[in-house]
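Colleague: Keeping their order, the protein sequence lines are chains A and B.
Counting from 1, one number per residue, gives the positions in the first sequence under our numbering.
Counting from 1, one number per residue, gives the positions in the second sequence under our numbering.
Be a bit skeptical, because a hint or two may be false.
Here are some, though not all, of the chain B residues that point toward chain A, as calculated from beta-carbon distances under 8 angstroms [unchecked claim]: (1) Val61; (2) Leu117; (3) Asp131; (4) Asn171.
None of these hints come from the bench; they were simulated from the model.
Here a beta-carbon is modelled for each residue, glycine too, at the ideal position from N, C-alpha and C.
Spelled out from the first residue to the last, the chains are:
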Amino acid sequence: MTLTSDPLRLSIRLALLAFITVVVQEAAISQISIFGTSAEISVLVVMSVGLLAGSVPGAIMGFSIGLLVDMVLVQTLGVTSLLYIAIGYGAGRLRELRDPGHGLVPMGMGAAATAVAGLGMAVIQFLLGVQSPVSTLLLQQIFITVLVNALIALPVYAAVRRLMLPVLPEDPRRRRRRAYTTGGLSPLRESAQPLSRRPRSAAR
Amino acid sequence: MHRKQVRRRRAAVAVLVAISLILLTAYFGESPSSPLHTVQRGLVEVFSPIQSGASALLSPVRDVAGWFSDTFKARSQVKQLRAQVHQLQSQLAQSQYAAAQNAQLTKQVGLDNSNSLAAYKPVGAHLISRDPTLWYATVEVDKGSSDGVHKGDPVTGDGGLVGVVSVVDPNVSVVTLITDHTMAVAAQVEDQAGDTGVLVPAVGNPNQLVLQYLPSTAQVKSDQLVVTVGFKAGQLQDLYPPGIPIGQVSNANYTDLANNGEVQVSPVVDLRHLDAVQILTAPRAGTARAQVP
Numbered sequence: 001m002t003l004t005s006d007p008l009r010l011s012i013r014l015a016l017l018a019f020i021t022v023v024v025q026e027a028a029i030s031q032i033s034i035f036g037t038s039a040e041i042s043v044l045v046v047m048s049v050g051l052l053a054g055s056v057p058g059a060i061m062g063f064s065i066g067l068l069v070d071m072v073l074v075q076t077l078g079v080t081s082l083l084y085i086a087i088g089y090g091a092g093r094l095r096e097l098r099d100p101g102h103g104l105v106p107m108g109m110g111a112a113a114t115a116v117a118g119l120g121m122a123v124i125q126f127l128l129g130v131q132s133p134v135s136t137l138l139l140q141q142i143f144i145t146v147l148v149n150a151l152i153a154l155p156v157y158a159a160v161r162r163l164m165l166p167v168l169p170e171d172p173r174r175r176r177r178r179a180y181t182t183g184g185l186s187p188l189r190e191s192a193q194p195l196s197r198r199p200r201s202a203a204r
Numbered sequence: 001m002h003r004k005q006v007r008r009r010r011a012a013v014a015v016l017v018a019i020s021l022i023l024l025t026a027y028f029g030e031s032p033s034s035p036l037h038t039v040q041r042g043l044v045e046v047f048s049p050i051q052s053g054a055s056a057l058l059s060p061v062r063d064v065a066g067w068f069s070d071t072f073k074a075r076s077q078v079k080q081l082r083a084q085v086h087q088l089q090s091q092l093a094q095s096q097y098a099a100a101q102n103a104q105l106t107k108q109v110g111l112d113n114s115n116s117l118a119a120y121k122p123v124g125a126h127l128i129s130r131d132p133t134l135w136y137a138t139v140e141v142d143k144g145s146s147d148g149v150h151k152g153d154p155v156t157g158d159g160g161l162v163g164v165v166s167v168v169d170p171n172v173s174v175v176t177l178i179t180d181h182t183m184a185v186a187a188q189v190e191d192q193a194g195d196t197g198v199l200v201p202a203v204g205n206p207n208q209l210v211l212q213y214l215p216s217t218a219q220v221k222s223d224q225l226v227v228t229v230g231f232k233a234g235q236l237q238d239l240y241p242p243g244i245p246i247g248q249v250s251n252a253n254y255t256d257l258a259n260n261g262e263v264q265v266s267p268v269v270d271l272r273h274l275d276a277v278q279i280l281t282a283p284r285a286g287t288a289r290a291q292v293p
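One chain only, chain B, in its complex shape (with noise of 0.2 angstroms):
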């Protein structure tokens, strides 16, 4: 009787591993259209209503712990803050004027800025869950398909670039993160010399990035912003605008810089504390766009 029930045992536990990796094997070689992706949406798809809802139930308690955690965090960023506040002043009346010369010297060039940010419609959407895991990796939003929404449109949100739609349902996205390994934006950093290079997540650390293929001569300094390029060559359009804020280079360390050519960029959003994010959605008139590499 014993002995049976121990093979009973043995044999349940062997068919659920057994199970858990002929759909790891599965899932990892199949493309996305295949019966399991399929499923796999179809269920995201029935969730959304019921994660929307409880998101919604929710917030209360999220705001209560968000409180405790905000006033601790925020009392310590109040004298750092208001010294950035009047630095950014100065930065604004600069910026202000060289955006008016912008606009008007394009004017007098005739540039194409079909791939401005203006160019996109965006559509406002809130997070209805996030990847638990330390890997950080996705979130899911309200909009979907029904909304205009594409595979491939960039997400913004907190001032600075979020991520890309990876999965896109009738009502439902997936949004994957700047942070994700899979990820890799071409990125200017707003120095003198506006030099450029590719954001990538950094190795270990799900909360940094790094710029990489930078010239060796950069005059890259720590505070900089790093933006998105935004290049645009005949039919092939990167997937992002050009000039959306992604972070700020929180180490340029001249050793790096110099022999690898990359420095450390922290991200400008805090990808853990966002509710709502807008997807830039574009009128598609059959234009291929790519993403570097």
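This is chain A alone, in the form it adopts within the complex (with noise of 0.2 angstroms):
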């Protein structure tokens, strides 16, 4: 579970965030065919929440856009809601253990939710009784829709990191590298003057 030093500021941002992702992955997203499918960029919004804020915000994250999807497009309440939570928990998990650096990880976790997304999406109508059990046309369209996923999957982590950067809370290894950008504190850059230029007392 991550801790954030401004819950309040965070809850706003992801609340903003998550209804502007509802609103243009149904007006606009949705509505651009690529090869029979569309992208899902709620998929990677929840991913990439999980991924910068934690287990726990991912979760709630996940909960809200998928309760937003559902009730916007009348469908099965808590279908979606149950699938995204999956998703940012799992996101969230993978940062509070592995804390993955790497900046291809986005890519891959955004190919792994949407697989997890469609792939579960079809579990759970199958429950619910729906006859469009998994064929062969289907995974291929899950297919197509992870690898667009995949392809946006960066752009699209970019722009909540942008968003949310102000509320995060703060990653040691952020702070270290600014410290070093800002001059005077590295060791390195210390031990590089010359002696004869130090003062006395700092050369003794």
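Reconstruct the complex from the two isolated chains, following the hints.
Modeller: Following this line, the structure appears as structure tokens:
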């Protein structure tokens, strides 16, 4: 679980992000067809929040976006929430346990999250009695959606990070890097100065 | 301290999962007039102006993306469509003659045409949101009960049947598409015998329909048009007026037809690229309407 110094500001930003995501997804993204499917930015946003803010904010974001999607699309309430909770929580746990620093992690996580959402939805729909079991065509469409989402995962992650950075809990690695760039604190730079120019007290 | 955090984290996730499961169970067992459905419809009503605005605002983005995919698609279709135009021109001449003859004979025999397409009043509507899932079952349009739309009104667009209005609010309606698993439409193949059956979505393929319960002796061939039957028996009337194109026979496998009485049908409407639809609102004089089966 990741704690933040200002939970209220984080909550407001998350609520705003959830609202914008659902509106953009339903009004624009889902109307752009790519090889018969469309991108799903809501999954990527939930994954990004999990990776940036931790498991509990990720799960809460997943629940909120899922509920909003189900509400707006007049679908069975709770189906999308259930899936997105798992995605947000999973991404958050990955951050907490492994702390992945590689730049391509959002891409891999985006692909995995989309696959989980697609297959999970298939299973839940099947359990609810919808006569659409996983066929070759559905698997093909899930695969295309995974590819498309993997391609757009990095920009979506960057946008979410930009929006949430001011309210995110301080990351020790980020703090360390910033300290070196401000100058004066790096021990390497300190030792590079010639001894003759140093004040006598410092040389001693 | 750490144990407390772990407990708190697990409790938070368990609460969220429990709420989702409770919502799912409650919603699934509820009737459409129950509180959860009412709240959902209220939220749709609140969201619809925002979605309408966002849809208009983001239309240039959609248009640019659509332009690229349409250009590639159009180039590959030019030859095929030219051949189709020649074929359709000759069919049109025959159809015009048949229509004139039909009108004349209908008048002579005194057939009841009260459920024909001409009896409906079309209301134009724009799509404001779509179901992003692969099952692709519903769309939302910007017209509702204040424009005369009722639950169960048929919806057409792009020259064919799109679906039926399933939820109505004052300014917004939800249209259930013909590819949704709950849909079944009484349909007729435009062959020599006018064989009828029930059109349902194909299991596991959201872009395909199956025309079932055809007679095993039916002479159905590929590319034949499938239209709504639009039956009327006393007070009982089909949801859809007759003659609305639904799809074209894409695979008339002899074995499937003889053994199962079914053929594959591709919808004539590209449901993923619809921007506008027409809701066929009918004057309601207390007539009962039903869907088959």
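Colleague: Indicate, hint by hint, whether the structure satisfies it.
Modeller: Quick rundown of the hints versus the structure:
Evaluation of the Val61(B) hint against chain A yields a held restraint, the C-beta minimum of about 6 angstroms falling below 8 angstroms. Taking 8 angstroms as the C-beta cut-off, the interface hint given for Leu117(B) is violated, the closest approach to chain A being about 28 angstroms. Annotation: Asp131(B) was flagged as interfacial toward chain A, and the flag holds, the nearest CB pair being 5 angstroms apart, inside 8 angstroms. Given the 8 angstroms rule on beta carbons, the hint for Asn171(B) is violated: about 15 angstroms separates it from the nearest Cβ of chain A.
Taken one by one, the earlier hints fail for this structure at numbers 2 and 4, listed in ascending order.
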